[in-house]
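*Asks:* These are the residues of each chain, in order.
Number of protein chains: 2
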Amino acid sequence: MQNIIDYVNNNNNRYLEELKSFLAIPSISTDPERKSDMGKCADYLVEHLIRIGMQNVKVFPTEGHPIVYADWLHAAGSPTILIYGHYDVQPVEPLELWTSEPFIPTVRDDKIFARGATDDKGQVMIHLKSLEAFLKVRSELPLNVKMIIEGEEEIGSTHLEKFIKEHKELLSSDLVVISDTAMFAKGVPSVCYGLRGLSYMQIDLVGPNHDLHSGSYGGSIHNPIQALAEIIAGLHDRNGKVTIKGFYDDVRKVTAEERRAFRKLPWSDKKYAKSLGVKDLYGEKGYTTLERLWIRPTLECNGIWGGFTGDGAKTVIPSKASAKISMRLVPDQHPEKIASLFEKHIKSIVPKTVKVSVKNLHGGEPAITPIDSPGVRAAVEALRKGFGKKPLYQREGGSIPIVVQFKKLLGIDTVLLGFGLPDENAHAPDEFLTLENFFGGIRTVVHFYNELPIFMKE
Amino acid sequence: MQNIIDYVNNNNNRYLEELKSFLAIPSISTDPERKSDMGKCADYLVEHLIRIGMQNVKVFPTEGHPIVYADWLHAAGSPTILIYGHYDVQPVEPLELWTSEPFIPTVRDDKIFARGATDDKGQVMIHLKSLEAFLKVRSELPLNVKMIIEGEEEIGSTHLEKFIKEHKELLSSDLVVISDTAMFAKGVPSVCYGLRGLSYMQIDLVGPNHDLHSGSYGGSIHNPIQALAEIIAGLHDRNGKVTIKGFYDDVRKVTAEERRAFRKLPWSDKKYAKSLGVKDLYGEKGYTTLERLWIRPTLECNGIWGGFTGDGAKTVIPSKASAKISMRLVPDQHPEKIASLFEKHIKSIVPKTVKVSVKNLHGGEPAITPIDSPGVRAAVEALRKGFGKKPLYQREGGSIPIVVQFKKLLGIDTVLLGFGLPDENAHAPDEFLTLENFFGGIRTVVHFYNELPIFMKE
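Residue numbers (my numbering), protein chains in the order written: chain A, 1 to 458; chain B, 459 to 916.
In short, the hints are calculated from the structure, not lab data. There could be a bad hint or two in this list.
[To be verified] Which bits of chain B does chain A cover? Going by a derived footprint, with three or more residues having C-beta under 8 Å, they are:
hint : stretch
1    : 487–500
2    : 674–682
3    : 829–841
[As the list claims (entries may be wrong)] Far from chain B, some chain A residues (derived; all Cβ distances over 10 Å):
hint : residue
4    : I50
5    : H74
6    : S172
7    : D174
8    : S220
9    : I232
10   : R292
11   : L410
Predicted, not measured: the structure shown is a model, and the values here were computed from it. Backbone N, C-alpha and C fix where the C-beta goes; we use that ideal spot for every residue, glycine too.
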């Protein structure tokens with residue numbers, strides 16, 4: 001492997017320049033005025049993939065922005081990975097908060113600043129440069145690679161599901177590899193092996209059949225805002241546990257080993273609270289903060305509205321009040337079952353004084369790639385070699401819908417090999433990527449390509 | 459008094475025609491395009507007041523719409539009343555829901571339909587025609603009368619307070635008489651002797667210092683919507699009592715006689731609930747619905763907002779959540795004291811996990827004119843004679859800010875001698891006034907003018 005690593009090290013400067021040219025294309029997927037830039041960015045990838053030696057390079061048009069595909073499939077007997085990334089970026093407003101122009105990539109303090117630096121162009125480039133290193137030095141890869149880079153991740157991957165469904169054979173593989181997340185902290189390489197799922201509901205309460213004057217009617221009927229507050233207040237008990245009957249029934253027991261692994265991560269509740277501007281944290285008793293975020297299901301109000309919300313004082317008892325409430329799920333909870341438990345629970349506690357309707361707005365399965373699976377073990381070994389340090393295990397509290405889609409539509413687990421950092425301003429002004437992680441990422445991915453076939457054979 | 463009553467009866471048709479001409483003027487105070495109609499309406503009143511024999515008729519311009527003043531002050535040794543009314547009306551939209559044009563007054567089924575029929579032009583006309591009857595038949599009134607008719611009641615009486623403050627001497631009197639409310643029900647003449655006050659607050663909670671992703675952060679901090687729901691849910695106990703410490707301390711005990719009087723009013727909880735479309739009523743245990751509306755202080759949420767309130771599913775933990783909460787007050791509660799108890803209570807229960815700010819948006823004193831006061835006794839006697847039926851006592855759950863202003867600025871109690879009915883569509887399409895109450899109102903007011911000096915001498 002040393003010749004591959006040498007190639008990477010000898011080409012650092014060129015790699016950085018190429019990253020700059022990729023970042024310079026303003027590929028904002030949500031902006032209709034950037035449509036031609038989106039096409040330019042897809043063309044840039046096509047040219048780049050061909051140049052580094054990838055094959056079957058294709059642009060698949062969609063009703064939105066195109067998906068770029070490439071593969072290299074000559075490692076007979078070796079596993080096949082599907083690398084997923086995206087070339088579209090978030091809008092840049094407010095522009096005045098950027099230190100340098102978002103599409104004039106600028107290096108300061110060993111960081112490269114530009115929109116898309118960490119999310120996700122920088123991480124896509126990590127894979128392109130790793131593939132290049134193998135193909136230029138050895139003229140072959142140690143495993144079969146398929147790659148798709150989409151242009152609509154920042155706008156909900158609108159046309160990706162249809163594309164996957166229509167190209168199941170083309171995309172079939174043994175493992176999905178995604179580099180679009182963050183490591184736990186700077187200098188703390190980590191592998192993320194679990195994501196929470198989601199069940200997103202809406203409650204609508206109706207009290208009186210029209211808005212009432214709170215003077216003439218106040219005291220005679222149950223105000224739907226009050227009834228809604230009573231319902232929401234009752235969804236957690238004194239210990240921060242969700243009170244929905246059966247909510248925890250399917251939660252898979254987490255091993256003592258996993259919980260021990262989390263405790264190795266550098267963490268301070270105090271610093272975390274301070275960074276969020278709160279005096280005290282809150283959550284389910286009996287679990288650390290990271291456990292509450294990663295391995296425990298939770299329930300949050302995402303929105304609430306009812307009555308008069310303008311300036312001043314309008315004396316109304318509203319007819320209606322509503323709330324959006326979502327639950328984060330962990331293995332082996334299922335969004336449909338949780339949605340139905342939620343609806344049943346709400347209907348069982350709603351008072352006779354109001355009418356309720358419960359809507360299921362959205363759901364997503366939790367995802368986990370076991371820490372003893374070949375993919376995760378190869379990632380651990382690659383990170384150790386790439387960063388010269390044993391990586392730690394982590395999970396992520398959010399969902400990555402594409403991970404769930406790959407599992408559901410293609411039956412493939414995902415390894416999340418993210419090289420961003422939590423403070424790199426993804427979606428915000430002054431987005432950057434730490435260059436140490438850009439180059440460490442390339443070294444890691446090179447090792448990952450090499451190690452995976454070994455772990456998969458064991 | 460028979461000759462006065464005969465005059466009224468003999469002039470019914472003309473009175474009705476004059477009411478029609480008053481109602482035909484589209485005096486919508488909120489509509490800038492009706493500014494000249496507002497002037498026309500004030501001129502109409504001036505001409506009318508002069509014609510019936512009132513004196514010192516004046517138009518006081520304000521920065522908004524003018525106030526019309528008139529008096530007759532030759533009843534030496536008799537008390538002076540200040541009659542208040544308003545000539546402005548609500549907008550008429552949605553026009554398509556009117557059976558006849560809002561400004562083409564039309565009689566159907568012994569009701570006169572027009573915008574302003576019950577609120578308040580019809581009731582102003584009741585006083586004009588009562589004054590006329592005395593002045594035409596006897597060339598004098600049995601008491602001294604001052605009258606102000608404003609043009610901004612429907613837009614918050616914006617310039618009235620300044621006018622009162624600048625004309626304290628001109629307006630000084632023994633009793634204010636307002637006919638701008640409703641009787642309890644058709645065929646149930648009643649006198650309203652109490653109004654609730656108001657303390658209107660806003661609570662703003664701040665949790666994390668910015669909106670968070672509910673996946674990445676859900677389970678670690680106290681969601682401000684949840685904290686707000688917990689606060690609101692705790693503001694009533696299981697018996698529907700407000701839990702704010704000291705909230706009920708200043709509530710004046712209501713006599714058994716008053717509570718008995720309320721029970722004489724025709725009332726059905728079932729019908730009331732049905733009319734509002736609710737299965738069950740709600741409120742403080744130990745009190746009837748009317749008692750809860752009239753003699754008990756209450757607390758209502760008038761508005762709540764926080765987080766994502768659009769269509770679909772956005773996974774946010776909001777930084778902020780807010781609610782508008784108002785309390786209806788009864789004698790001898792004071793809005794400033796209640797506001798301060800509220801603030802103290804909220805600050806004492808707010809958890810450490812969020813920051814709270816409490817704002818006092820608005821307050822109004824409760825008002826009561828004791829049922830054994832000369833004004834109320836004269837009203838009872840006048841209603842008995844005017845409608846041939848013993849009237850009942852009622853209060854009103856809402857506030858009438860002008861009543862509080864007269865008390866505060868001039869030190870004068872008000873008698874509410876309302877001749878509308880609760881179902882006459884004030885502020886809605888097809889507003890009407892029941893003609894039986896228009897003529898019964900004139901007979902009542904004639905008797906009231908006559909009786910008041912007698913009761914005040916006792």
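*Asks:* None of the hints should be skipped; say for each whether it holds.
*Replies:* Going through the hints against the structure:
With a threshold of 8 Å between beta carbons, the proposed coverage of the stretch 487–500 of chain B by chain A is violated, since 0 of its residues qualify and at least three are required. Using a Cβ-Cβ cut-off of 8 Å, 8 residues of the stretch 674–682 of chain B lie near chain A, which meets the minimum of three, so the contact claim holds. Check on the stretch 829–841 of chain B: 0 of its residues sit with their Cβ under 8 Å from a Cβ of chain A, so the three-residue criterion for coverage is violated. At the 10 Å boundary, the C-beta of A/I50 stays outside the reach of chain B, the nearest C-beta of that chain being 37 Å off.
With a closest Cβ-Cβ approach of about 39 Å to chain B, A/H74 is found to remain outside the 10 Å limit, as its non-interface label requires. The beta carbon of A/S172 is kept farther than 10 Å from every beta carbon of chain B, the shortest such distance being approximately 29 Å. Even its closest Cβ contact with chain B, about 27 Å, leaves A/D174 beyond 10 Å, as expected for a residue assigned away from the interface. Not every C-beta of chain B lies more than 10 Å from that of A/S220, the closest at about 5 Å, which undercuts listing it as non-interface.
A beta-carbon of chain B comes within 10 Å of the beta-carbon of A/I232; the shortest separation is about 4 Å. Non-interface call for A/R292 relative to chain B: violated, since the shortest CB-CB distance, roughly 4 Å, does not exceed 10 Å. The Cβ of A/L410 sits about 23 Å from the closest Cβ of chain B, beyond the 10 Å cut-off, so the non-interface label holds.
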